[in-house]
Amino acid sequence: AQSVAQPEDQVNVAEGNPLTVKCTYSVSGNPYLFWYVQYPNRGLQFLLKYITGDNLVKGSYGFEAEFNKSQTSFHLKKPSALVSDSALYFCAVRDISGGYQKVTFGIGTKLQVIP
Amino acid sequence: GAVVSQHPSWVICKSGTSVKIECRSLDFQATTMFWYRQFPKQSLMLMATSNEGSKATYEQGVEKDKFLINHASLTLSTLTVTSAHPEDSSFYICSARVVGWGSGELFFGEGSRLTVL
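Here the protein sequences come in this chain order: Z and D.
First residue of the first sequence? That's 20 in this note's numbering, and the numbers climb one at a time after it.
First residue of the second sequence? That's 679 in this note's numbering, and the numbers climb one at a time after it.
No wet-lab data here; the hints were simulated from the structure.
Note that beta-carbon positions come from the ideal geometry of N, C-alpha and C, so glycine has one too.
A few of these clues could be false.
[Claimed, not checked] Lysine-lysine pairs mimicking DSS-like chemistry, simulated, CA-CA at most 25 angstroms apart:
1. Z/LYS41 with Z/LYS96
2. Z/LYS68 with D/LYS744
3. D/LYS698 with Z/LYS121
4. Z/LYS129 with Z/LYS77
5. D/LYS733 with Z/LYS121
6. Z/LYS121 with Z/LYS88
7. Z/LYS88 with Z/LYS77
8. D/LYS719 with Z/LYS96
9. D/LYS733 with D/LYS692
10. D/LYS742 with D/LYS698
11. Z/LYS68 with Z/LYS96
12. Z/LYS121 with Z/LYS41
13. Z/LYS77 with Z/LYS121
14. Z/LYS121 with D/LYS744
15. D/LYS719 with Z/LYS121
16. D/LYS692 with D/LYS744
17. D/LYS733 with D/LYS698
18. D/LYS719 with D/LYS744
19. Z/LYS121 with D/LYS742
20. D/LYS733 with D/LYS719
21. Z/LYS41 with Z/LYS77
22. Z/LYS121 with Z/LYS68
23. Z/LYS96 with Z/LYS129
24. Z/LYS68 with Z/LYS41
25. D/LYS744 with D/LYS698
26. Z/LYS129 with D/LYS719
27. Z/LYS41 with D/LYS719
[Stated by the list, open to error] Example chain Z residues on the side facing chain D (calculated, C-beta under 10 angstroms, incomplete):
28. GLN57
29. ASN60
30. GLY62
31. LYS88
32. ALA106
33. LEU107
34. THR123
Go ahead and model the full structure; you've got the sequences and the hints to work with.
Below, the structure is given as structure tokens:
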């Protein structure tokens, strides 16, 4: 079985400061990892993904994430937070072994950027 | 990126009635679509996997007769909540995966807020 953990319900950061939203995962095979953002009463928007290759992945809106296989982590980062980044962030994993199609989401982390 | 359209965005219905939610892939073909349910301050719960031209695959604990899923074409999947009750009130989100995109990121609709009175 695959699973995702987002240990923080909420992250508060001052505007202009760097932000990190944590994610750890568990899969039996090789993972595909994703980050999505959700604004109130909206669907999810894709931010970035790790499939293979460079462990540092760059995505939309200046976000990036670092894949760490030994720590089974895929933390989301941004060098300088904006108030407009305030939203709900979901980490997700897909175990690609055996053609498994399901994507498992974490519980979400609310990011609050304080002006 | 690929666009998924979901309709309606908001729906209010009386208890006992049925509600249909549509999910369309606008600029790509989707042999597989996924239906999720999201409770307040909680993650997405996968309800079922909708496969074009075949029966949907439901997750454990999801009533297939309650949540009817039809995927009649490569661009449309529908979720019908039958005989809705207040406990069915929730935010329902569909997603689709682009055919041939091996990395498998999902593209989501905007969600449908169902309120059953």
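Going down the list of hints, with the structure as the test:
The suggested pairing of Z/LYS41 with Z/LYS96 holds, with an alpha-carbon distance near 9 angstroms, which does not exceed 25 angstroms. Simply put, Z/LYS68 and D/LYS744 have alpha-carbon atoms about 34 angstroms apart, too far for the 25 angstroms limit, and the pair is violated. Of the supplied pair hints, the one linking D/LYS698 and Z/LYS121 holds, its CA atoms being roughly 24 angstroms apart against a limit of 25 angstroms. For the proposed pair Z/LYS129 and Z/LYS77, the alpha carbon gap of about 21 angstroms is at most 25 angstroms, so the pair holds.
The hinted pair formed by D/LYS733 and Z/LYS121 meets the criterion: a straight-line CA distance of about 17 angstroms does not exceed 25 angstroms. Annotation: proposed proximity of Z/LYS121 to Z/LYS88 holds, straight-line Cα distance about 21 angstroms (limit 25 angstroms). A hinted pair counts as satisfied when its Cα atoms are at most 25 angstroms apart, and Z/LYS88 with Z/LYS77 qualifies at roughly 17 angstroms. Taking the CA atoms of D/LYS719 and Z/LYS96, the gap is near 22 angstroms; set against the 25 angstroms cutoff, the hint holds.
For the given pair, D/LYS733 sits about 28 angstroms from D/LYS692 by alpha-carbon distance, which is inconsistent with the 25 angstroms threshold. A distance of roughly 14 angstroms separates the Cα atoms of D/LYS742 and D/LYS698; the hinted pair therefore holds under the 25 angstroms criterion. Restraint check for Z/LYS68 and Z/LYS96: the C-alpha separation of about 13 angstroms stays at or below 25 angstroms, so the hint holds. With a C-alpha separation of about 22 angstroms, the suggested pair Z/LYS121 and Z/LYS41 falls inside the 25 angstroms cut-off, and the hint holds.
For the hint linking Z/LYS77 to Z/LYS121, the alpha-carbon distance of about 24 angstroms falls within 25 angstroms, and the restraint holds. A distance of roughly 22 angstroms separates the Cα atoms of Z/LYS121 and D/LYS744; the hinted pair therefore holds under the 25 angstroms criterion. About 22 angstroms separates the Cα atoms of D/LYS719 and Z/LYS121, which keeps this hinted pair within 25 angstroms; it holds. Of the supplied pair hints, the one linking D/LYS692 and D/LYS744 holds, its CA atoms being roughly 16 angstroms apart against a limit of 25 angstroms.
For a cut-off of 25 angstroms, the pair hint linking D/LYS733 to D/LYS698 stands: about 17 angstroms separates their Cα positions. With a C-alpha separation of about 24 angstroms, the suggested pairing of D/LYS719 with D/LYS744 holds against the 25 angstroms cut-off. At roughly 18 angstroms between alpha-carbon atoms, Z/LYS121 and D/LYS742 fall within 25 angstroms of each other, so this suggested pair holds. For the suggested pair D/LYS733 and D/LYS719, the alpha carbons sit about 31 angstroms apart, so the restraint of at most 25 angstroms is broken.
Of the pairs offered as hints, the one joining Z/LYS41 and Z/LYS77 holds, with about 16 angstroms between alpha carbons and a cut-off of 25 angstroms not exceeded. Simply put, Z/LYS121 and Z/LYS68 have alpha-carbon atoms about 15 angstroms apart, close enough for the 25 angstroms limit, and the pair holds. Restraint check for Z/LYS96 and Z/LYS129: the C-alpha separation of about 14 angstroms stays at or below 25 angstroms, so the hint holds. For a cut-off of 25 angstroms, the pair hint linking Z/LYS68 to Z/LYS41 stands: about 15 angstroms separates their Cα positions.
Annotation: proposed proximity of D/LYS744 to D/LYS698 holds, straight-line Cα distance about 12 angstroms (limit 25 angstroms). Taken as a hint, the Z/LYS129 and D/LYS719 pair is honoured in the structure, with Cα atoms around 9 angstroms apart against an allowance of 25 angstroms. Taking the CA atoms of Z/LYS41 and D/LYS719, the gap is about 17 angstroms. The hint holds against a cut of 25 angstroms. Interface hint at Z/GLN57: satisfied, since its Cβ lies 9 angstroms from the closest Cβ of chain D, which is below the 10 angstroms cut-off.
Satisfaction of the interface hint for Z/ASN60 is found here, the shortest Cβ-Cβ separation to chain D being roughly 6 angstroms, below the 10 angstroms cut-off. With its C-beta approaching chain D no nearer than about 4 angstroms, Z/GLY62 sits inside the 10 angstroms limit, and its interface hint holds. For Z/LYS88, the shortest C-beta to C-beta distance to chain D is roughly 18 angstroms, which exceeds 10 angstroms, and the interface hint is violated. Interface hint at Z/ALA106: violated, since its Cβ lies 14 angstroms from the closest Cβ of chain D, which is beyond the 10 angstroms cut-off.
Given the 10 angstroms rule on beta carbons, the hint for Z/LEU107 holds: about 9 angstroms separates it from the nearest Cβ of chain D. The restraint placing Z/THR123 at the interface with chain D holds, with a minimum CB-CB distance near 8 angstroms, inside the 10 angstroms limit.
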